[in-house]
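Take a look at the letters that make up each chain.
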Amino acid sequence: MYGQLVRPPREFIAAAQPYVCARVTDMANVDLEVFRFDFDLTLAILLMHPDGTVYHRWGSRDADAADAWMSLPHLTQLLRDTLEEHRRYDPTSADDDDTLRRGHTVLDLPPLQRKIAKGQQPACIHCHTVHDTEHRWAVEQDTWRRDDLWIYPPPERVGLQLRRDDPALVRDITADSPAAEAGLRAGDRLLHIGVQARVGTRADVAFALHRAPAAETTLPLAYTRGGQPRDTVLELPEGWKRGTPETYAWRPYKWNLSPAPGFGGQVLDPAAKRALGLAQAPFALRVDYLVTWGERAQRGRAAAAAGLRKGDIVLSFAGKDDFNSSEHFHAWARLTRRVGETVTVVLQRRGQRRTLSYALPE
Amino acid sequence: MLPQHATWLFGLAMTATAQTTPPPGPTQRIAWHDLDTGRALAKANDQPLLVVFRCES
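Here the protein sequences line up with chains Z and C, keeping their order. Start counting the first sequence at 2; every next residue gets the next number (our numbering). Start counting the second sequence at 716; every next residue gets the next number (our numbering).
Same shape as in the complex, but just chain Z:
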């Protein structure tokens, strides 16, 4: 894949010509006070003024597919449309010398500084490393709250179902949702929501939702219906950002959360299950590792002390046996269990069923 040379279509190249294009494959020196996006994504694009004002964020995914929201025609049109926003933009009044002043980077955050001091600097700072480090720092400062895990809530969380080829346009509204209560309808075109001055993408809406408080709040929203501008307010109840383990499973952010099972491995495919006489088992995860190393070694040690071994086939965890993937299993454990809770694991080892229990450590 890396060596593949693929030229973008001519229309895209033409639409990109008015832009200065930059690419980033290492987050080490990126100014985190300017460049903010959903760092769990493996690809994101910002369209912005060089003073740091972001016009649009492009790059979004849902629980089912990583590329379902990546429409090249939409991105091409967004590039064209954003030129007009750039022409109308009133630049910041900040001193010119300050415009390009770099704010803090992930390397400035103490959790990563400590790793570097121990000689553990990663060769490349991945996007999700920013999330990991900011999460760790917030926990250490006691500013992280449980609802903070619900980063970048998808628009569907408030009832907004957007069109994939034109995400500012409402495809449908979920009944009894905040969007429905606000009077929004299919066919409405979103103009503005919360901190997002102009909506052009699904990621723009997610960014506005991300920046809104997780507690009960209101979010102003402007839209057009039949060409006429209208204003409304989303009334968001306490806990409105919360989703489900199924929709959260894809996120690398989940690895930051406690508690954790302390082990992991591969979910067996149907053939592998049949070979072990487990054809009817809804879930079968082969334990490939126990986390008995590093800063969270207590997690794997607790499982090991209870008797879990590499090679065991886990059939249920805390009474649940219908995980649809390893990621779902890990997300469910982290989102629904609590530190100190005793969980029961049913497993198969050399054809024999066994049951073990242990308390989930921090």
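Everything labelled a hint here was simulated from the structure, so no lab data went into it. Using N, Cα and C, we set each Cβ at its ideal position, and we do this for glycine too. Do not rely on the hints blindly, as some may be mistaken.
To be verified - Computed footprint of chain C on chain Z; a stretch qualifies when at least three of its residues, placed anywhere within it, have a C-beta under 8 angstroms from a C-beta of chain C:
{"hint": "1", "region": "22 to 28"}
{"hint": "2", "region": "44 to 51"}
{"hint": "3", "region": "118 to 129"}
{"hint": "4", "region": "132 to 140"}
Said to hold, decoys possible - Quick list of simulated restraints, FRET-style, between CB atoms:
{"hint": "5", "chain 1": "C", "residue 1": "Asp749", "chain 2": "Z", "residue 2": "Arg354", "range": "53 to 59 angstroms"}
{"hint": "6", "chain 1": "Z", "residue 1": "Pro230", "chain 2": "C", "residue 2": "Asp749", "range": "25 to 31 angstroms"}
{"hint": "7", "chain 1": "Z", "residue 1": "Asp68", "chain 2": "C", "residue 2": "Ala759", "range": "32 to 38 angstroms"}
{"hint": "8", "chain 1": "Z", "residue 1": "Ala273", "chain 2": "C", "residue 2": "Ala759", "range": "54 to 60 angstroms"}
{"hint": "9", "chain 1": "C", "residue 1": "Asp749", "chain 2": "Z", "residue 2": "Ala181", "range": "55 to 61 angstroms"}
{"hint": "10", "chain 1": "C", "residue 1": "Asp749", "chain 2": "Z", "residue 2": "Pro19", "range": "32 to 38 angstroms"}
{"hint": "11", "chain 1": "Z", "residue 1": "Asp232", "chain 2": "C", "residue 2": "Asp749", "range": "19 to 25 angstroms"}
{"hint": "12", "chain 1": "Z", "residue 1": "Ala273", "chain 2": "C", "residue 2": "Asp749", "range": "43 to 49 angstroms"}
Stated by the list, open to error - Here are some chain Z residues pointing at chain C (derived, C-beta under 10 angstroms):
{"hint": "13", "residue": "Pro9"}
{"hint": "14", "residue": "Arg103"}
{"hint": "15", "residue": "Trp151"}
With the hints as your guide, set chain C onto chain Z.
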């Protein structure tokens, strides 16, 4: 988790040739810059900035 995105997106990010100046003549490719250079160029020329973040994790 690389194979998550459409091929052209990898092309967009991975075939980029870091250049400080665009090639002469009709441009058939996108001239890519590092972030600091790109931002400074955009500021100097009052152009908008397109920044691609591609993470391979």
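Taking the hints in turn, this is what the structure says about them:
Only residues whose C-beta sits within less than 8 angstroms of a C-beta in chain C count toward coverage, and the region 22 to 28 of chain Z has 6 of them, enough to reach three; the restraint holds. Only residues whose C-beta sits within less than 8 angstroms of a C-beta in chain C count toward coverage, and the region 44 to 51 of chain Z has 8 of them, enough to reach three; the restraint holds. A count of 4 residues in the region 118 to 129 of chain Z with a Cβ less than 8 angstroms from any Cβ of chain C is obtained; the coverage claim is therefore met, three being the minimum. Against chain C, the region 132 to 140 of chain Z contributes 0 residues with a C-beta closer than 8 angstroms to a partner C-beta. That does not satisfy the three-residue criterion, and the hint is violated.
Separated by about 57 angstroms at the C-beta atoms, C:Asp749 and Z:Arg354 satisfy the suggested range of 53 to 59 angstroms. The beta-carbon spacing between Z:Pro230 and C:Asp749, approximately 40 angstroms, falls outside the hinted interval of 25 to 31 angstroms. Checked against the hint of 32 to 38 angstroms, the pair Z:Asp68 and C:Ala759 passes, with Cβ atoms roughly 35 angstroms apart. About 59 angstroms separates the C-beta atoms of Z:Ala273 and C:Ala759, a value consistent with the hinted range of 54 to 60 angstroms.
Checked against the hint of 55 to 61 angstroms, the pair C:Asp749 and Z:Ala181 fails, with Cβ atoms roughly 46 angstroms apart. A hinted range of 32 to 38 angstroms is violated for the C-beta pair C:Asp749 and Z:Pro19, which are about 20 angstroms apart. Remark: the range hint 19 to 25 angstroms for Z:Asp232 to C:Asp749 is contradicted by a beta-carbon distance near 41 angstroms. The supplied range of 43 to 49 angstroms is met by Z:Ala273 and C:Asp749, whose beta-carbon atoms lie about 46 angstroms from each other.
Given hint, Z:Pro9 at the interface with chain C, holds; its Cβ is 5 angstroms from that chain's nearest Cβ, closer than 10 angstroms. The interface hint given for Z:Arg103 holds, since its Cβ lies 8 angstroms from the closest Cβ of chain C, which is under the 10 angstroms cut-off. Interface restraint check: Z:Trp151 against chain C, minimum CB-CB distance 21 angstroms, threshold 10 angstroms, status violated.
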